[in-house]
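Participant: Input sequences plus hints: build the corresponding full structure.
Residue numbers (numbering that gives the first Met the number 0), protein chains in the order written: chain A, 0 to 319; chain B, 0 to 319.
Among these hints, one or two may not hold up.
Identical copies go unnamed one by one, so any copy, or any two together, can satisfy a pair.
[Said to hold, decoys possible] Heads up, simulated BS3-like pairs for lysine-lysine below, C-alpha to C-alpha not over 30 angstroms straight-line:
#1 94 <-> 254
#2 112 <-> 57
#3 310 <-> 94
#4 94 <-> 57
#5 172 <-> 249
#6 94 <-> 56
#7 238 <-> 94
#8 172 <-> 57
Note that these hints are calculated values from the structure, not bench results.
Number of protein chains: 2
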Amino acid sequence: MSEWQFIDWIRSKTGSLGKPVDPVVLGPGDDAGIVRLTPETIAAVDMLMDGVHFDLKKIPATLAGRKALAVNLSDLAAMGARPVCALVSLALPTKGGRALGEQIMEGILELAKEFEVTILGGDTNSWAGRTVISVTVLGEPLPDRAPLTRSGARPGDWVLVTGSLGGSLGQGKNLGRGRHLTFTPRVREAAQLNMGYEITSMIDLSDGLATDAAHIARESGLTIFLNPDRIPVSPDVPKGSPELSPEASKQQRLKQAMTDGEDFELMFTSPPDIARKILTSSILSGVPVTHIGECRVGDPVLKWQDGTPIKADGYQHQLD
Amino acid sequence: MSEWQFIDWIRSKTGSLGKPVDPVVLGPGDDAGIVRLTPETIAAVDMLMDGVHFDLKKIPATLAGRKALAVNLSDLAAMGARPVCALVSLALPTKGGRALGEQIMEGILELAKEFEVTILGGDTNSWAGRTVISVTVLGEPLPDRAPLTRSGARPGDWVLVTGSLGGSLGQGKNLGRGRHLTFTPRVREAAQLNMGYEITSMIDLSDGLATDAAHIARESGLTIFLNPDRIPVSPDVPKGSPELSPEASKQQRLKQAMTDGEDFELMFTSPPDIARKILTSSILSGVPVTHIGECRVGDPVLKWQDGTPIKADGYQHQLD
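Facilitator: Dropping the structure here:
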């Protein structure tokens, strides 16, 4: 089975992705794809590797593909943007690569269909190494709405977060099989927020709140104070060990919520009057929003409400 | 050294990529990049792996990075398009990954500067596996010129090719260190052709003429007849072994020119009167253009002038 036959298979699958007006002028199979987009194109890329971001010994390859697109859609969500199309490059093992590639693409295509994203192109390779999936998504701003960035937070803004945090990777014998594989990227919620309210900055929580909130502080040039009692800890974070005191258990769970990473929830900032409206509205149907802190003039760092610095030790790829 | 510090380094480098009017609205460091493009965006992606497309035991990582961008620029060239920006995702070895990542980016940035391409964003990861580089390029059509595709060739069109073919990977003790690492993508030549002449189809020769010309035949729905005496064999293809007859040597060299792959020259089609003008003009200064065949009504396959089928056994990634 040659790469070209694999492209035929992808073509046969992507043909079914009907949109009211298909923005794709030329899809997979030429030297490049052509897509109609607004003058401002928004683009993100994420690369996922077997053994790092997923483990193909433990999970079906469809979930690996799904995740590879989902993390990219989460990036576009964080920009308050609309995803339009995606390009997929794969490194597959020589043996069994065709079946694996199809499963990965099926996982990608199912999520793509849900969010009306078309596959614009790709590149398929085989090698002796483990599977690598790189997805690039292209999107556009929402009508009459500027993209949201990390640099727009202002002193006085409230800090809000969707959903709950921590334990996304799974625990114990289910380690690696958690929410990080099945989460729904907050594309719709981000669009509702950006269309309906004044959002001053936004980020998706991929590395853990302790790391990602620090990006907002740094890029916006202000101190973010968080209230430890308000951080929404996910039910996926296990209860503390019985030998721990209730307070130590609480601290342990809070640390997981702050640093586990791969939550792919949204953290965003809004002026207090707007934030209050968001908190009492029901636009994000089913997705809770929690007020977890405030922005103030000060060093571009993250602190607890009492002034204690928060160490940004969320998950980051270390390069030596 | 965290990924974030690596992004700082990339930011410090990309800041110097000045263009008369910088189309990049938001560069590396947010959840996504923002770029101003014409309504039709042209996008391509290619993934290169250590041990497959380059060998970091033998070559400097700058050349690997350079090649990763160059093959993408070659794809945009084949569309007769103008490259604007690129996104880079990397999988780097945990040990020594920072230095390697910088070298790869330096190779990318040097070529990017030459072609006025800005780095719009990226994703950097580390793992126990070998280095993987995935580059996505975004571009736009040339002014008042539609992108060139593989499907526009018409019966009667002449088939032309730039440069010479074969031996790109290097030979003997220099295997792996050939032209495929240092070639200049034919972006300028493709633009000159697309702006000045009626080009009906175009492709870049990545898998070898025997494979790539067959794509044009297939997508355009016609037979392409090639003249074996006109295929421009590169001086990089070694002379035949002394024990071979001159005719056998010639056949061996022709086979290499047809199937070695990674030439990254352009093959294109034009009506005969236009093709004659291209062949006698000097617009592609320094880059030879050769008339190698014709398109005729018939099965969508590749044949020699005498009607013998040409087997498309160029380099392709085999997936089982």
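Participant: So which of the earlier hints does this model not fit?
Facilitator: Number 7 only.
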